[in-house]
Each structure stands twice: as C-alpha cells, then as structure tokens.
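Engineer: The chain contents come next:
2 protein chains.
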Amino acid sequence: MEALEQRILKEGQYLGNGILKVDSFINHQVDPLLMDACGREFARLFGGVGATKILTAEISGIAPALTTAIHLGLPVVYARKTKPITMPDQVYLTLAPSHTKGRMVELIVSPEHLGGGEKVLIIDDFLATGATILGLVRLTQTAGSTVVGIGTLIEKTFEGGRRALEHLGVPVFSLARIVELNEEKIVFA
Amino acid sequence: MEALEQRILKEGQYLGNGILKVDSFINHQVDPLLMDACGREFARLFGGVGATKILTAEISGIAPALTTAIHLGLPVVYARKTKPITMPDQVYLTLAPSHTKGRMVELIVSPEHLGGGEKVLIIDDFLATGATILGLVRLTQTAGSTVVGIGTLIEKTFEGGRRALEHLGVPVFSLARIVELNEEKIVFA
Numbered sequence: 033m034e035a036l037e038q039r040i041l042k043e044g045q046y047l048g049n050g051i052l053k054v055d056s057f058i059n060h061q062v063d064p065l066l067m068d069a070c071g072r073e074f075a076r077l078f079g080g081v082g083a084t085k086i087l088t089a090e091i092s093g094i095a096p097a098l099t100t101a102i103h104l105g106l107p108v109v110y111a112r113k114t115k116p117i118t119m120p121d122q123v124y125l126t127l128a129p130s131h132t133k134g135r136m137v138e139l140i141v142s143p144e145h146l147g148g149g150e151k152v153l154i155i156d157d158f159l160a161t162g163a164t165i166l167g168l169v170r171l172t173q174t175a176g177s178t179v180v181g182i183g184t185l186i187e188k189t190f191e192g193g194r195r196a197l198e199h200l201g202v203p204v205f206s207l208a209r210i211v212e213l214n215e216e217k218i219v220f221a
Numbered sequence: 033m034e035a036l037e038q039r040i041l042k043e044g045q046y047l048g049n050g051i052l053k054v055d056s057f058i059n060h061q062v063d064p065l066l067m068d069a070c071g072r073e074f075a076r077l078f079g080g081v082g083a084t085k086i087l088t089a090e091i092s093g094i095a096p097a098l099t100t101a102i103h104l105g106l107p108v109v110y111a112r113k114t115k116p117i118t119m120p121d122q123v124y125l126t127l128a129p130s131h132t133k134g135r136m137v138e139l140i141v142s143p144e145h146l147g148g149g150e151k152v153l154i155i156d157d158f159l160a161t162g163a164t165i166l167g168l169v170r171l172t173q174t175a176g177s178t179v180v181g182i183g184t185l186i187e188k189t190f191e192g193g194r195r196a197l198e199h200l201g202v203p204v205f206s207l208a209r210i211v212e213l214n215e216e217k218i219v220f221a
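The listed protein sequences derive, respectively, from chains A and B.
Numbered continuously in my numbering, the first sequence closes out at residue 221.
Numbered continuously in my numbering, the second sequence closes out at residue 221.
Keep in mind that the hints were calculated from the coordinates and are not lab data.
Some hints could be false.
A pair holds if it fits inside one copy or across any two, identical chains being indistinguishable in the list.
Here are the simulated SDA-like cross-link-like pairs (lysine to any residue), alpha carbons at most 25 Å apart as the crow flies [what the hints assert, rightly or not]:
#	residue 1	residue 2
1	K115	S130
2	K115	L52
3	K217	H103
4	K151	Y46
5	K133	A196
6	K113	I218
7	K133	E191
8	K42	G147
9	K217	V81
10	K42	G149
11	K53	E144
12	K113	L52
13	K217	P116
14	K115	G79
15	K42	L65
16	K115	G50
17	K151	E216
18	K217	G201
19	K115	G80
20	K53	V123
21	K42	P107
22	K151	H131
23	K53	A175
24	K53	K113
25	K133	T178
26	K133	G80
Bound conformation, chain A alone:
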C-alpha cells in the first residue's frame, strides 16, 4: 500500500537487530486516518474469505484490527498478554517469543469470546518470524475454529514468517513488504 510505504520511508527508523521503529504512526502514536485506510484495504483484500471474527494480539495489533473490523462489520477479539481478573479461570493460553521483548509472552483468549466454528481473520502489525501469529493460530485451532486469512501491516520478508504460515493454506497479505532493511535503506518488494 503506497501510503503506508511512503510513511515508513519518511518516518521509520532502523534500530539494528532487525527492529524497525514506527512509533510515530503505529506503535505509540497512531495516525488514525492512515490506520483507517489500512483497515479499508484489509477489508477489500479479505472481503471474500467468509470471516466471522477478527483476532489480534494486544497491544499494537489493536489499531489495525479495529479499523479492519469497522470496515468488515465483524467483532474483534484481542488476545491478552496477562490474564485480567474479569476473565474466567479456564482460558486458552499459548506462549510466543517476543522479538522486541527478548522473552516468551503469554497469549490468552477467553472461551467466552473465541468458541468453536468461527472463521477467524488474524490481523497484526508485523509479520517477522511469524511466531506471534502462529500463537494466534494455535489459540484459534484449540478453540475449535478455523483461520481463514492473515493480514499484517508490515512484513519483513527476510525473517521467514510467510514460509512459516504456508502450511495453513490461507491467504496472507501484508500492506508493506520490506525485502531489505539496514542503516542506509528500506527496500520494498
């Protein structure tokens, strides 16, 4: 998506270790009109997959998942990383490594809001190794539901995430696909 790529080129900062800082429009400050445009684009791309629910992971996935949900008119569930006291004792929980945190994090969904028989569209901010998204896939499958599509704002193609998701046989779309990332330049596919 041209607008997202241009914004990454203008404001994205490479911090080393494969980390792209996009705090000025996605991860700390959010540009709501850009995010709305991304949600509209996801709605267009996944309009035909028959999704009944959108699933994301707190925190940074919430914004793009919500705007996609607005445009598709579907409920969105965000997996929690700590279990709030409002959740029942029995939950679906999986572990996923966090690249930016350098440790494993929990992904928790309540059976109240992810049951069986749902067709789940997963939306997140980044596709890197695919570890977080595979965690969301496991939660979906454990709940007895099916993943029907995966969308991310930014993909770092050189971290292998797309390959790790291939076996699912569902459409995977990223709105900006970075094939090269270093101090000097950001190159899109």
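Keeping the supplied structure of chain A fixed, place chain B upon it in accordance with the hints.
Structural biologist: Leaving out everything else, chain B in the frame of chain A:
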C-alpha cells in the same frame, strides 16, 4: 449514550468490588460499530475544545481513543505500561494505581510524541477514581502541554473520579454514567 447503556444492561456483569465486566464489547472482544459510534459521539462533544492530540492509556483505552481520533482527524498517543526498546532512554513516566490489577502501574510517554504546546484530549474506557486519568494529566503537564477535555465510555459516579478532575476546569463527558451498581441492578444517571 443510549446504545452504550443498552449494551451494558444486556451484557455487563457485576463481579463484586465495584468491577463491571464488559469483556464482550469493550475489554477483550470489541464491537467495532459501537466503538465507532462512541468515537463519533466524543468527536461531537469535544469538537469545540481545540484539541491537537488525543492521549489514552494502553490497553483498553486504545479502541475508543482511536475511533475518536478518526472522527476528529487528530493523532492519538497511547501511554505504554512497559517501556519498549524502541523508546528513547529519556521518557515521561508516572505511576497510577490500577483497580483491576491491584497494584501501581507505570504510564510512559515518549517526549518524541508528546511535546510542549499541545492541547490534549484524554480518552479512556472507564472513569472510576480518576487515578489513571490523573496520571495522563500529569504526563501532559510535565510535557508542557495542556489538557482541554476528558472523555470516558463508562463512569462509575460513586467512585469520585469526576470530583478528582474538577480542579482542571475542563469538560468531562462520559457516555454512560452508572450511579448504582450491584448484583441486582445497574442504574444510569
């Protein structure tokens, strides 16, 4: 707001200790169309306060703050509760007690995205004691900016938050004001 009140009556669950569970449409699963309607209502209520930026706290504040930001066309910043590695070493940090977590949590904003001279509209999910919102007020003032309005989805009037915010002399709007909450009933103002 009628639609929000009706939804609270239909799906809100009182868990004791003043805690209202609204996990099916705000805090874990989000109803995007209701949230969009709430954002539109905040935009109408705060259209005249001259805000230049919206500030909220992760995680549950993100959805209503984002939809308000879409309707006002303003950037939104969400205060982080843990400092991500993408943030600079020098940040604005304050502590606020979390009712649902039973401990103090950090609220952190990067000076890159909350500088001086901004007119800040604070949006959050709940107004209870006002402790989280007062934390966001302190961050705003420390950054050299001014709070021009405060909006929350749900206010529990009996916890005193509105009184705690009075000295700021800015408009405070809540879309659903609960005056009585117990096992038997939820009563709106």
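Engineer: Look at each hint and say if it fits the structure.
Structural biologist: Verification of the hints:
Taking the shortest Cα distances, K115 and S130 sit within 25 Å of each other both inside one copy (17 Å) and across copies (14 Å). In this homomeric assembly, K115 and L52 come within 25 Å of each other (Cα to Cα) only across copies, at 16 Å, whereas the closest approach inside a single copy is 29 Å. With identical chains, the CA atoms of K217 and H103 are never at most 25 Å apart, being 33 Å at best within one copy and 35 Å at best between copies. In this assembly of identical chains, the alpha carbons of K151 and Y46 never lie at most 25 Å apart, being 36 Å within a copy and 30 Å across copies at closest.
Taking the closest pair of Cα atoms, K133 and A196 come within 25 Å of each other only inside a single copy of the chain (21 Å); across copies the shortest separation is 36 Å, beyond that limit. Taking the closest pair of Cα atoms, K113 and I218 never come within 25 Å of each other, the shortest separation being 31 Å inside a single copy and 30 Å across copies. Taking the shortest Cα distances, K133 and E191 sit within 25 Å of each other inside one copy (17 Å), while across copies they are farther apart (36 Å). In this homomeric assembly, K42 and G147 come within 25 Å of each other (Cα to Cα) only across copies, at 20 Å, whereas the closest approach inside a single copy is 42 Å.
When the C-alpha separation of K217 and V81 is checked against a cutoff of 25 Å, the pair qualifies neither within a copy, at 35 Å, nor between copies, at 41 Å. Taking identical chains as interchangeable, the C-alpha atoms of K42 and G149 lie at most 25 Å apart only when they sit on different chains, with a minimum of 24 Å there against 43 Å within one chain. Taking CA atoms no more than 25 Å apart as the test, K53 paired with E144 passes between copies only; the shortest distance there is 12 Å, against 35 Å inside one copy. Proximity of K113 to L52 under the C-alpha cut-off of 25 Å is found in both arrangements, the shortest distances being 22 Å within a copy and 20 Å between copies.
Taking the closest pair of Cα atoms, K217 and P116 come within 25 Å of each other only across two copies (23 Å); inside a single copy the shortest separation is 41 Å, beyond that limit. Proximity of K115 to G79 under the C-alpha cut-off of 25 Å is found in neither arrangement, the shortest distances being 32 Å within a copy and 36 Å between copies. For the identical chains of this complex, K42 and L65 are intra-copy neighbours only, at 17 Å inside a copy versus 32 Å across copies, given an alpha-carbon limit of 25 Å. In this assembly of identical chains, the alpha carbons of K115 and G50 lie at most 25 Å apart only when taken from different copies (19 Å versus 30 Å within one copy).
In this assembly of identical chains, the alpha carbons of K151 and E216 never lie at most 25 Å apart, being 41 Å within a copy and 36 Å across copies at closest. Neither within a single protomer nor between protomers do K217 and G201 lie at most 25 Å apart by alpha-carbon distance, with minima of 32 Å and 48 Å respectively. In this homomeric assembly, K115 and G80 never come within 25 Å of each other (Cα to Cα): the closest approach is 34 Å inside a single copy and 39 Å across copies. Within a single copy, K53 and V123 get their C-alpha atoms only as close as 33 Å, which misses the 25 Å cut-off; across copies the closest is 16 Å, which meets it.
For a Cα distance limit of 25 Å, the shortest separation of K42 from P107 across copies, 17 Å, qualifies, whereas the shortest one inside one copy, 33 Å, does not. In this assembly of identical chains, K151 and H131 lie within 25 Å of each other by CA distance neither inside one copy nor across copies; the values are 28 Å within and 35 Å between. Taking identical chains as interchangeable, the C-alpha atoms of K53 and A175 lie at most 25 Å apart only when they sit on different chains, with a minimum of 22 Å there against 34 Å within one chain. For the identical chains of this complex, K53 and K113 are neighbours both inside a copy (21 Å) and across copies (18 Å), given an alpha-carbon limit of 25 Å.
For the homomeric pair K133 and T178, neither the shortest alpha-carbon distance inside one copy (29 Å) nor that between copies (33 Å) is at most 25 Å. Proximity of K133 and G80 under a CA criterion of 25 Å is satisfied in neither setting, with 35 Å inside one chain copy and 41 Å between copies.
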